[in-house]
Amino acid sequence: MSSDPDGGVQAPGGFSLLDGLPPAPADGVYLDNNATTRVAPEALAAMLPYFTERYGNPSSMHHFGSLAEQGVIEARGRVAALIGAAAPGEIVFTAGGSESDSLAIWGTLRAYPDRKHLVTTKVEHPAVLGLCRELEGRHGYAVTWLDVDGSGALDPDDLRRALRPDTALVSVMAANNETGVVFPVEELGRIVKEAGAVFHVDAVQAAGKLPLDMRVSTIDLLALSGHKLHGPKGVGALYVRKGTKLRPLIMGGHQERGRRAGTENVPGIVGFGAACVLAGQGLGEENSRARGLRDRLEAALLAAVPDCRVNGERARRLPNTCNVSFDFIEGEGILLLMDRVGIGASSGSACTSGSLEPSHVLKAMGIPFTSAHGSVRFSLSRYNTREEIDYVAAVVPRVVERLRAITPFGRQRATF
Amino acid sequence: MAVRRRPARDRAPRRRFARLPVSPRERITRPMWKYSDQVYDHFFNPRNVGTVENADGVGEVGSMACGDALRLSFRLDEAGRLAEVKFQTFGCGSAIASSSILTEMLRGKTLEEAARITNEDIASELGGLPREKMHCSVMGREALEAAMIDYYKRQGKQIPCELLSQGVLVCHCYQVERDTIRHAVMQNRLRTVEDVTHYTKAGGGCQDCHQEIRHLIDECWEKLDHAAAGGGGAVPGALPLAPPAPAAPPAREVRIREVIEHDIARALRNDGGDIELVEVRGHEVFVRLIGTCASCPASQATIKGWVESQLREHLGDEVDVIEVKS
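One line per chain: the protein sequences are U and C, in this order.
Counting with this note's numbering, you get residues 1 to 416 for the letters of the first sequence.
Counting with this note's numbering, you get residues 1 to 326 for the letters of the second sequence.
Don't read these hints as lab results, they were simulated from the structure.
None of these values were measured; they are calculated from a predicted model.
Honestly, I wouldn't trust all of these hints.
[Stated by the list, open to error] Here's a subset of chain C near chain U, in silico, CB distances under 10 Å, partners left out:
#1 N45
#2 R47
#3 F90
#4 A95
#5 V168
#6 L169
#7 W221
#8 D317
[To be verified] Rough simulated footprint, nothing fancy, chain U against chain C, three-plus residues with beta-carbon under 8 Å:
#9 67-75
#10 117-128
Ideal Cβ positions, reconstructed from N, Cα and C, are used throughout, including at glycine.
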């Protein structure tokens, strides 16, 4: 064995998956923004004084407290403005998207103890999926799981058929985190309202990427997360339309009008508010830039890599998300190799999740396991550059080619 | 798409804290699992990739649907030693690394020596594997067995009995046999169904076999405990009685019929097949496959697992789908 210039060990015979791959650029290329995002420098700057200068408890009667309270009030207005809420009081701050979803679903069911049915989809984020399974399995609730078709789309008639007199709540995501596919929430909301149920929308991925206006919406509850839109982790919000009945999950304090007890995460809330301002400003121009880069990457991959396809309806997607399946190879290998050349993305393969089954979203879409195992999600942000995308578009086809060189499968033989 | 970080390694002392990245290079080569340096080396620089021409034995295990697959081929020299061993793998980093290191371990060995290589040997040669990835080493061992059986068949020789398993399937989703599970439990001292899934994949799909796996674990541990206590021969494990199945409430049967007719049959009809509900007895759901599904033996195991997972998803409890022939 001899050492290669990169410091690695070269195999006898010289075969290496790294052959022909460039060294990783110093900072790498981060294309996993649906997992989390970089905190915007503006948001960080807004947060910092609240750690060491305006550190009071917003509930306190003194000056220290009111400085912190001012920060929370301002942030509440900013979050409300991003989604077009009629009043800042409709925003309840939480510790993140998952808590917002839990508060919406549990809180509604506890407000309507006689209603024992809820409706959701098979492609929800685990925050909703896991809770609904729990409610179904251990708490005696009936859950209707709506299907999606091969493009990830939902049939509104399925929802119409699923609704019952005792339906408490319908919970649907605005846009899918894995494929980016957008659901027609307003159309669904009108159906829900006709039936008299509460309508909860998980907008964790959609906020800041799609325009949302609660003043002209059918949505009663809307979950948001700070760290998906360049705010800090550990903070989120639930929009609660005025007049919507909701029981709290965390009790024992008057904070958030009694709907979420506990001293506020003031720096987090302030950072979230600042990030919402930026997201609102970026809805138009920035998103079309991200869309342009995403489309550029997608077109390049589809042109350069044989036997690959895009998962999800391409026309109705978040502007930043691209989910591609590369046949005959497996996702973890792709991620490891991409990581080695500085590209961060994620995969719907079983091996990357610790379970044996690939992504529930791709499964619900009927994507064959064989394709789902080789799926990769690229998700962009406002910070990605054209140079980065061109680097990824040039390197990924080579990564796929290297892994295909050692797989037993191919066009001629797709199975044992 | 969640990426889980689990530093646990098989049989290696557990580190209390994950090592912090010390250099940019290390930072970018340590993504989701804490793989050993050997795993990374054999993944990035796999040895002996390809297929041996004019091979004396070829073993193929796994499938693309399962998420990993391995083809192992070898050629013997005049002295009966493994002169050339090559592999092709579809799978994750540790699957590729396990295959690669196995080819290195095998070279120069006789078949008798090769037969003694266990999945544990493969894993420890790699400096350990994360618990969830032990099945990759098991796949290596299985491919070796398959290749050797292929060799003995080609030669018209009798297959050594330790290479022949009883062939009783426990996990239908991942096609795992009873002896594979027994072997993994005994060899690796596994205690839970979850462990068995990590090592063999058995039980990772519809979960229908979990009860049976639990029995196998109990049975093996009775033997292990007995042996540890200085006892002699193996004690056959007494199987605990299964609890009586509760009668299916009519509402449940209505729901099952609804799911089968609405969700499941609709999907099967797309492929020219169909399904009908015959009877519900406790957890057992008797169905009849019609059309192309009925005549396709390969699809039946898949359909069983799939129908069960669909029903479980809708009902939130255990079901056992049993096919009735028309």
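Hints, verified against the model:
Satisfaction of the interface hint for N45 of chain C is found here, the shortest Cβ-Cβ separation to chain U being roughly 4 Å, below the 10 Å cut-off. With its C-beta approaching chain U no nearer than about 5 Å, R47 of chain C sits inside the 10 Å limit, and its interface hint holds. Taken as an interface hint, F90 of chain C checks out: its beta carbon lies about 4 Å from the nearest beta carbon of chain U, inside 10 Å. Because the smallest distance between the Cβ of A95 of chain C and any Cβ of chain U comes to about 8 Å, under 10 Å, the interface hint for this residue holds.
The interface hint given for V168 of chain C is broken, as the beta carbon of that residue sits about 21 Å from the closest beta carbon of chain U, more than 10 Å. The beta carbon of L169 of chain C comes no nearer than 16 Å to any beta carbon in chain U, farther than 10 Å, and the hint placing it at the interface is violated. Annotation: W221 of chain C was flagged as interfacial toward chain U, and the flag is violated, the nearest CB pair being 24 Å apart, outside 10 Å. Here the hint on D317 of chain C is kept, as its CB sits about 7 Å from the closest CB of chain U, short of 10 Å.
Under a criterion of three residues with beta carbons nearer than 8 Å to beta carbons of chain U, the stated coverage of the stretch 67-75 of chain C is upheld, 5 such residues being counted. Residues of the stretch 117-128 of chain C lying with their CB closer than 8 Å to a CB of chain U number 0, which falls below the three-residue condition for coverage.
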